[in-house]
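Engineer: Sequence lines, in order, name chains A and B. First residue of the first sequence? That's 15 in my numbering, and the numbers climb one at a time after it. First residue of the second sequence? That's -9 in my numbering, and the numbers climb one at a time after it.
Because the hints were derived from the structure by calculation, they are not lab data. The beta carbon of each residue, even a glycine, is placed where N, CA and C say it ideally should be. Among the hints, a few may not be true.
[What the hints assert, rightly or not] Example chain B residues on the side facing chain A (calculated, C-beta under 8 Å, incomplete):
1. Leu1
2. Ile3
3. Ala6
4. Phe80
5. Glu83
6. Ala147
[Claimed, not checked] In the PhoX-like style, the derived pairs of lysine-lysine whose C-alpha atoms are separated by at most 25 Å in a straight line are:
7. A/Lys68 / A/Lys137
8. A/Lys23 / B/Lys(-6)
9. B/Lys87 / B/Lys106
10. A/Lys142 / B/Lys81
11. B/Lys(-6) / A/Lys127
12. A/Lys115 / B/Lys81
13. B/Lys106 / B/Lys132
14. A/Lys115 / A/Lys127
15. A/Lys137 / A/Lys127
16. B/Lys31 / B/Lys81
17. B/Lys100 / B/Lys(-6)
18. B/Lys31 / A/Lys137
19. B/Lys100 / B/Lys81
20. A/Lys120 / A/Lys142
21. A/Lys68 / A/Lys127
22. B/Lys31 / B/Lys132
23. A/Lys23 / A/Lys115
24. A/Lys68 / A/Lys115
25. B/Lys(-6) / A/Lys68
26. A/Lys137 / B/Lys100
27. A/Lys137 / B/Lys87
28. B/Lys116 / A/Lys137
29. B/Lys132 / B/Lys81
30. B/Lys100 / B/Lys31
31. B/Lys87 / B/Lys116
32. B/Lys31 / B/Lys87
33. B/Lys116 / B/Lys106
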Amino acid sequence: MNNLLLFIKQFRLFNISGQSMLPILSDGDVVITTSRIDFFQRGSIIVFTHNSNKEILFVKRIIGLPTEILNCNESFENIIIDSDEIFVLGDNQLDSFDSRKYGPIKMDQVLGKIIFRVWPLNKFGLIK
Amino acid sequence: MKFKNHLFNLLGIRTAFAHCDIPCGIYDPISAKIAAQTVLKATMRLEAVDFSSGVTSVSQPNVIARLIHVKEEHAQQVKNELNIIWSDYFKPEHLDKYPDLHNLFWNANKLAGTTKQNVDSASARKLVEIVDEISKIFWSTKGIEYSDNVADVRFGAI
Chain A
15 MNNLLLFIKQ FRLFNISGQS MLPILSDGDV VITTSRIDFF QRGSIIVFTH
65 NSNKEILFVK RIIGLPTEIL NCNESFENII IDSDEIFVLG DNQLDSFDSR
115 KYGPIKMDQV LGKIIFRVWP LNKFGLIK
Chain B
-9 MKFKNHLFNL LGIRTAFAHC DIPCGIYDPI SAKIAAQTVL KATMRLEAVD
41 FSSGVTSVSQ PNVIARLIHV KEEHAQQVKN ELNIIWSDYF KPEHLDKYPD
91 LHNLFWNANK LAGTTKQNVD SASARKLVEI VDEISKIFWS TKGIEYSDNV
141 ADVRFGAI
């Protein structure tokens, strides 16, 4: 019974607001996330909290993993990602407020990886 | 929209933002509406200028110059305000629901140009109307029925 509760507890529902994850996610989509860290990898779409206000949540895609060095910000400087951080970008990169602006985020800000869309019904299904 | 919000609260569904811009960017076509009304008022005042006795005082051309300046400046402001909403707020998915959106913005820009080139209150009135049409669409994307019930009071007397 406890195992079943733990299994169910890893899933959460979120409503998506905004267009920076187009075309994969649209404004108004309702999605399910899993908090299982072993599912997180480069390319995963995640929900995470604002670095100072835990009530504000964002959705982006993981691009850089801990300890990697990236070069994709506007100043063309190398970004060293710490061992407890990840670098995130919006899919709609011409129009996204993401790690290029606010830098890498801490792993403990991540609430879950988006795995399934439940709304709208015509887009119901797994999100890869 | 309210029902959806209540349902989400009931089910404990939180909103995660896929922000396109710096969070808390505020868009509102009301600035364009006020500028369009200013164009209309300046135009109507220009049309009302009486030249039947010729220019008898330097204050007459001064008033006319000021009205033309206000008309020119606010017609440009209508363009600026609308174009920010057009390019920064509206997205391709809005076009699916409102296929005439590009035409509305394009016509509004053309009308703003016409109100600069001419002293024609009919064009200025159309400009106010088209800004209202855009406002209706803008607010409907947020689930709100647009109305500007203080428009006449704001416009005041000529």
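Engineer: Now tell me, hint by hint, if it's right for this structure.
Structural biologist: Taking the hints in turn, this is what the structure says about them:
no.	hint	verdict
1	Leu1	7 Å, holds
2	Ile3	4 Å, holds
3	Ala6	4 Å, holds
4	Phe80	10 Å, violated
5	Glu83	6 Å, holds
6	Ala147	43 Å, violated
7	A/Lys68 / A/Lys137	29 Å, violated
8	A/Lys23 / B/Lys(-6)	24 Å, holds
9	B/Lys87 / B/Lys106	32 Å, violated
10	A/Lys142 / B/Lys81	24 Å, holds
11	B/Lys(-6) / A/Lys127	24 Å, holds
12	A/Lys115 / B/Lys81	22 Å, holds
13	B/Lys106 / B/Lys132	32 Å, violated
14	A/Lys115 / A/Lys127	22 Å, holds
15	A/Lys137 / A/Lys127	18 Å, holds
16	B/Lys31 / B/Lys81	33 Å, violated
17	B/Lys100 / B/Lys(-6)	39 Å, violated
18	B/Lys31 / A/Lys137	50 Å, violated
19	B/Lys100 / B/Lys81	22 Å, holds
20	A/Lys120 / A/Lys142	23 Å, holds
21	A/Lys68 / A/Lys127	17 Å, holds
22	B/Lys31 / B/Lys132	30 Å, violated
23	A/Lys23 / A/Lys115	33 Å, violated
24	A/Lys68 / A/Lys115	19 Å, holds
25	B/Lys(-6) / A/Lys68	23 Å, holds
26	A/Lys137 / B/Lys100	39 Å, violated
27	A/Lys137 / B/Lys87	18 Å, holds
28	B/Lys116 / A/Lys137	41 Å, violated
29	B/Lys132 / B/Lys81	13 Å, holds
30	B/Lys100 / B/Lys31	19 Å, holds
31	B/Lys87 / B/Lys116	24 Å, holds
32	B/Lys31 / B/Lys87	34 Å, violated
33	B/Lys116 / B/Lys106	13 Å, holds
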